[in-house]
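Novice: Protein chains in written order, with my numbering: chain A, 51 to 121; chain B, 75 to 280.
Rather than coming from a laboratory, the hints here were simulated on the basis of the structure.
Here a beta-carbon is modelled for each residue, glycine too, at the ideal position from N, C-alpha and C.
Don't take every hint at face value.
Not the full set, but computed from the structure, chain A residues with beta-carbon under 10 Å of chain B [stated by the list, open to error]:
id, residue
1, V56
2, V57
3, I62
4, V65
5, S66
6, R69
7, M70
8, R71
9, T72
10, S80
11, S101
12, N105
13, A107
Have a look at the derived ranges for each label pair, beta carbon to beta carbon [claimed, not checked]:
id, chain 1, residue 1, chain 2, residue 2, range
14, A, D60, B, D179, 28 to 38 Å
15, A, V116, B, G214, 15 to 25 Å
16, A, K92, B, A151, 36 to 46 Å
17, A, P59, B, G178, 32 to 42 Å
18, A, Q53, B, D173, 18 to 28 Å
19, A, S78, B, G138, 37 to 47 Å
20, A, K92, B, A240, 10 to 20 Å
So the chains spell out like this:
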Amino acid sequence: MAQQAVVFPDSIRVVSVRRMRTRGSYPSCSLTAVVVVDGKKKVISSLGATSDEANTAMNGVLEKLVSSEAL
Amino acid sequence: MTVSNGNILRVAVGQVQASNLNDLYNVYEYIATFAGDETDTNVLNAIAGQMDTMYNIIQGTIAGNQTPGIMRVDEVALVGGVKSVVRNLGSIAWATVYDPGGAGDYVPSGCAALVEGLTSQSKVLLKKYLGQLVEAYVSGNFITSALITLLDSFCDEWFNSVLVSAGNELIPGFLSQARGGFFYLLGTVVKGEVAYQRRRKPGVGG
Chain A
51 MAQQAVVFPD SIRVVSVRRM RTRGSYPSCS LTAVVVVDGK KKVISSLGAT SDEANTAMNG
111 VLEKLVSSEA L
Chain B
75 MTVSNGNILR VAVGQVQASN LNDLYNVYEY IATFAGDETD TNVLNAIAGQ MDTMYNIIQG
135 TIAGNQTPGI MRVDEVALVG GVKSVVRNLG SIAWATVYDP GGAGDYVPSG CAALVEGLTS
195 QSKVLLKKYL GQLVEAYVSG NFITSALITL LDSFCDEWFN SVLVSAGNEL IPGFLSQARG
255 GFFYLLGTVV KGEVAYQRRR KPGVGG
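Sequences and hints are given; from them, build the entire structure.
Specialist: Pasting the structure below:
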């Protein structure tokens, strides 16, 4: 299990979460989540050299989304 | 017997529902990327450890009427273009830590959370129906954000290679008969909608 997991808040309905990773010498991870805010779909994403980095970045995006939408 | 580099393994992870005695299976496939041969026992234990870790992540969401059962591992290959079981490595109990016991009532046994594995081929999709869920993690037609959080961690663990020993790894993917080869797992998708498997409906199938 990744040390830093993505935490999707209960106030956001998540339609899907896509995680793409590469193996080998140049690992990377990208996360894309489709969420519903105020009845509208939004796509949010994050990137990282590791899974942990991408997860941390996604958590930052989610925090911003929650605070900006005052969910 | 031993497993050699390039061998492809199919892993059927079973659970039994005490409520209706239906068996729930999830099937995973791996290709051996080995520097040297490994004994079947070492391979079985390594895979069981991986499955135990994966399912332990979601154990709080799975109804307590589930009993982890046996994990069967077969070596598979394309024989004359047909996907075939070459030999059976064995069957062992796979859950040491995993102990499902989600609180409260559960959803109908046909309902499940769905995660999909992506490969380089758009039509080679690895679907895993995870259940039997407890109601607390389902809201209307959708699973909750809390469960999506856990399933994303589950997928992250699934993606990890199974380390049998130094230099000997099992990499997840799928042997496709239609496409004539093994395709690595490149990504995962957690679906927000509740999925359904009719074969798990009580009274249907075995």
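Novice: Does each hint fit the structure? Answer for all of them.
Specialist: Evaluated hints:
| no. | hint | verdict |
| --- | --- | --- |
| 1 | V56 | holds (5 Å) |
| 2 | V57 | holds (5 Å) |
| 3 | I62 | holds (6 Å) |
| 4 | V65 | holds (5 Å) |
| 5 | S66 | holds (6 Å) |
| 6 | R69 | holds (5 Å) |
| 7 | M70 | holds (4 Å) |
| 8 | R71 | holds (5 Å) |
| 9 | T72 | holds (8 Å) |
| 10 | S80 | holds (8 Å) |
| 11 | S101 | holds (6 Å) |
| 12 | N105 | holds (8 Å) |
| 13 | A107 | violated (14 Å) |
| 14 | A:D60 - B:D179: 28 to 38 Å | violated (20 Å) |
| 15 | A:V116 - B:G214: 15 to 25 Å | holds (21 Å) |
| 16 | A:K92 - B:A151: 36 to 46 Å | holds (45 Å) |
| 17 | A:P59 - B:G178: 32 to 42 Å | violated (21 Å) |
| 18 | A:Q53 - B:D173: 18 to 28 Å | holds (23 Å) |
| 19 | A:S78 - B:G138: 37 to 47 Å | holds (39 Å) |
| 20 | A:K92 - B:A240: 10 to 20 Å | violated (44 Å) |
Hint violations for this structure: numbers 13, 14, 17 and 20, all remaining hints satisfied.
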